[in-house]
Amino acid sequence: MRLLRRRLKFDTSSERFEAGFGADFEASLQRSVPVVNTSLPEKEEPQKGDELALLRAGDPAASSNFVRDHISWMLAVARRILRDAGHAEDAVQNAFASIFAGLKNFEGRAALKTWMHRIVVNEALAIFRKNRPQKDESIDELLPVFDDNGCRIEAPWASFETPESLLQKSQTTDRVAELIEKLPDSYRVVLVLRDIEEMATSEVAEALGLSETNVKVRLHRARAALKKLLEPLIRGQEL
Amino acid sequence: MTASKKTIKRRIHGVMFKLPLMITCNEFEDFILAYLEDELSSRERAIFKMHLSVCRECREYLKAYEASMELTKATMTSEETALPESVPEDLVAAVLAARKG
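Top to bottom, those sequences are chains X and U.
Read in order, the letters of the first sequence correspond to residues 1 to 239 in this note's numbering.
Read in order, the letters of the second sequence correspond to residues 1 to 101 in this note's numbering.
I should point out that these hints are in silico values taken from the structure, not numbers from a laboratory.
Careful: at least some of the hints might be erroneous.
Incomplete in silico selection of chain U near chain X, CB under 10 Å [said to hold, decoys possible]:
#1 CYS25
#2 ILE32
#3 ALA34
#4 SER42
In silico contact screen, one side only, chain X against chain U (beta carbon under 8 Å); selected entries [what the hints assert, rightly or not]:
#5 LEU54
#6 ARG56
#7 ASN65
Being a predicted model, the structure only gives us computed values, none of them experimental.
C-beta: ideal position from N, C-alpha, C; glycine also.
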């Protein structure tokens, strides 16, 4: 039985977090150049061809339209990764510089927006790494609690608001965004990249210079902590 | 439920979770991510489900954990689709100035 138990239990101990992101993470600082994933299956919409040609030629009107079309969602992505509004704006500016520079080599094999999304994420992460606190804040007080027998301590759920019903309330989005910001940075960024920006575990691991196991452990802890923070909402005790 | 009844229930759980093919809530916790990512073997999955069927705490915890994920995703992506019409003009101007630069 003990053997079975040992086999079953994930070996997270060997990957216990170091206080920071480690040397790999620091090294990844050096390569903030956006990676273009040309293997993506999506095709660029045909009508965008002319727009792209004008953009590549540096047409001022096309450039202005292009920036205005994309800047809002790009800023939203950067704001989710970086708490600071000024840093998010810097990330967007850097991203546009990379996009304009990279347009001539953009072959349209990946969808334009997918390519731009990756660039803005990379630029935001470059700023995130430069500004992250030296020491990780603790997430322990938000993690689930167990008694001496290994039994979970969880107050009974008398009422349960579904995500659908919560979405009907206008304040929900702001409140969720506020609570995500309460997560310690090194956990929050993993949750944002995996669960919101929909990057694969391997991509997140590479972007942050972490092992995949470490990304998974952080993701689970971030989700567990966010569940704790969102509890009053989901229990219908707030809003 | 009184406090003493609660303690007894916990003790029973504590013993029960040590039976063959049983895991404790603490061990269950370590399986959640792999369960959601569909990375458990069929045997591990059966053991996970078995715990779920006998443990109210973990059942409710997992339900809330999944609801929290769903809520996060729904609100954060809807924010993107329902962006305000107003474009940050200062930033647009800065980006375009840099482009000309």
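ASN65 of chain X as chain U interface residue, shortest Cβ-Cβ below 8 Å:
10 Å, violated
Against chain U, run the beta carbon of LEU54 of chain X and see if the smallest gap drops under 8 Å.
13 Å, violated
Chain U contact restraint for ARG56 of chain X - C-beta distance below 8 Å
Status violated, d = 12 Å.
Have a go at the ILE32 of chain U hint: is there a Cβ in chain X nearer than 10 Å to its own Cβ?
6 Å, holds
Have a go at the ALA34 of chain U hint: is there a Cβ in chain X nearer than 10 Å to its own Cβ?
Result: holds, 7 Å to nearest chain X Cβ.
SER42 of chain U as chain X interface residue, shortest Cβ-Cβ below 10 Å
13 Å, violated
Return the status of the interface hint for CYS25 of chain U: holds when the least beta-carbon distance to chain X is below 10 Å, violated otherwise.
This hint holds: CYS25 of chain U lies near chain X, its Cβ roughly 4 Å from the closest one there, short of 10 Å.
Comparing the model with each earlier hint shows violations of hints 4, 5, 6 and 7; every other hint is respected.
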